[in-house]
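As you go down the protein sequences, you meet chains A and B in turn. When we follow the working numbering, the leftmost residue of the first sequence carries the number 1, and every step to the right adds one. When we follow the working numbering, the leftmost residue of the second sequence carries the number 1, and every step to the right adds one.
Hint data in this document are derived by calculation from the structure and do not stem from the laboratory. Quick caveat, the model's predicted, so the values are computed rather than measured. The reader is advised that the hints may include incorrect statements.
Stated by the list, open to error - Straight-line distance between alpha carbons at most 20 Å, and here's what the computed DMTMM-like set of lysine to aspartate or glutamate pairs gives:
1. B:178 - B:195
2. B:178 - B:216
3. B:282 - A:12
4. A:66 - B:261
5. A:164 - A:99
6. B:153 - B:216
7. A:93 - A:2
8. B:262 - A:194
9. B:178 - A:65
10. A:197 - B:122
11. A:122 - A:101
12. B:282 - A:239
13. B:279 - A:22
14. A:35 - B:23
15. A:90 - A:105
16. A:163 - A:105
17. B:184 - A:22
18. A:197 - B:123
19. B:139 - B:122
20. B:178 - A:70
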Amino acid sequence: MDFELTYRQFSERSILVEWPSEITENMLHDVLNFKNHLLNSNIKSLVQINNAYNSLLIIYDITIDKLNNEVYALNALYSSRASILKPAFKLWKIPVCYDDEFALDLIEISEEKRLSKSKIIKLHYEAIYTVFFIGFLPGFLYLGGLNKQLYFPRKKSPRQRIKKGAVAIGGEQTGIYPNVSPGGWSIIGNSPVELFKLNDDIPCFANAGDKIQFFPISNAEHSAILSQIASGAYQIESEVIDG
Amino acid sequence: MVEVLKAGLFDTIQDFGRIGFQEFGVPFSGVMDENSASLANSIIGNDQNAAVIECTVIGLQLKFHAHTLICITGAQMNPNLNGLPIKNNTAISVRPNDILGFGRLEYGCRSYISVSNGFLTEEIMASRSMYQGITSRFKLQKGDLLPISKEEKDKTATFSSIKINKNHFQSQDIEVFKGPEFDKLNLKQQKLLCEQQFTISKDSNRMAYLFDECFDNALHPIITSLVLPGTVQLTPSGQLIVLMRDCQTTGGYPRVFQLTEKAMNMMSQKFFGGKVRFKCIK
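The whole structure should be built from the sequences, with the hints applied where relevant.
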């Protein structure tokens, strides 16, 4: 299916491509499919292409002189992209400890929502989440697929210091803080896995289009995984799933 | 080696930043005023992208432990070598035990210090630019020892100096392209946004410049999309946010402008209380 795309010059050296204003997985597949097609097309002077929910930012290393020519070329590439209905993806299994020690806001959510803590935890780890893109902080995954029953507004005043690995809910989204940071989401657990490895060639394990599933672990398992990570012995479990 | 004897207000090592790591959420970083930093490098024969020190408002004090050439560009902070005044935009030969200091800020906001072949501090993701969470330090501190390349003898300076265009520091006009959501403002607001004068707030930093004035608007947040250094966001409460080099890679506020590259450099030399006006081009 072809979407109605709009192209506009964003800066001297970049073009923004936008899909209709909505968040769906079908559209994400089209965004990523076009992105990969462009990356494989040997476009002259291309530096990088970044994606968000419904947009691509194409960055060149030279100033764009004739926008129309570039847009014409991009649009021709959009038309010539292979259609992929359901691409293969990786499913990553991420351990989360939902114990009270980490779940600073679980009681508040439980009281507001009139759902038991265990019900909230179950709804959170039962879902399969889609990675739409990485942004906000190095290694922060924008995940789609939170159960509607868990939607919870952002805090009016953010916390100054959220712990590394905090698993949180903000509005209609859930995510993991890859590092210590200020933040306004409500915290329901903590994951020991490293979301951003500074010294790796590819610092993030997950790619846009991948899936994430959480599984509950005890506090003791959380500590055990942390020490395995410290000694380099821990591997995140994953499987490749054909579309 | 170059030793930091005293830190200034906010000094960092910067080159042209990290390019190609934004899909992992890594900011670009890099020198705020590329124009001045390139000049500092060019005058002493460096690659333009060699790592320099960026000082903000109040300069630092450095002691050299090797022969090298230096050049200071950007903001005029009345630099001195061993207490004797030296010029900006000039190649200067320094020797072991020489001490570089700075005085009062005359104009601009950020000064650049280049040394022969650049500062050789840690390189992470193809850049030496300091950023919290990426490099082990996010600013220079007293006692830091910064590696530089070894020069056996005195480096001879040419003693020539370059005249710079002061307009770079003084002009209030900030050239911008219309941002993706500019057209969602009504015509009156569009006109006003390009006419109003804005005052730079004291909360401005390498991540973003903010203004004292608010701009009333009824724009709705957008689905989180992509931003670049130079993107101007407008929040529902009327705050304009000019994203700078250390900004995030994505954002959900409407994007009303995009600064030109030249305007980014000029904006970086604006100090708290400075006035700017957006000039829409094309």
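Against the structure, the hints come out as follows:
| no. | hint | in the structure |
| --- | --- | --- |
| 1 | B:178 - B:195 | holds, 14 Å |
| 2 | B:178 - B:216 | holds, 18 Å |
| 3 | B:282 - A:12 | holds, 12 Å |
| 4 | A:66 - B:261 | holds, 18 Å |
| 5 | A:164 - A:99 | holds, 16 Å |
| 6 | B:153 - B:216 | violated, 61 Å |
| 7 | A:93 - A:2 | violated, 33 Å |
| 8 | B:262 - A:194 | violated, 39 Å |
| 9 | B:178 - A:65 | holds, 17 Å |
| 10 | A:197 - B:122 | holds, 16 Å |
| 11 | A:122 - A:101 | holds, 18 Å |
| 12 | B:282 - A:239 | violated, 50 Å |
| 13 | B:279 - A:22 | violated, 32 Å |
| 14 | A:35 - B:23 | holds, 12 Å |
| 15 | A:90 - A:105 | violated, 30 Å |
| 16 | A:163 - A:105 | holds, 13 Å |
| 17 | B:184 - A:22 | holds, 17 Å |
| 18 | A:197 - B:123 | holds, 15 Å |
| 19 | B:139 - B:122 | holds, 13 Å |
| 20 | B:178 - A:70 | holds, 19 Å |
Hints 6, 7, 8, 12, 13, 15, counting from the list given before, are not met by this structure.
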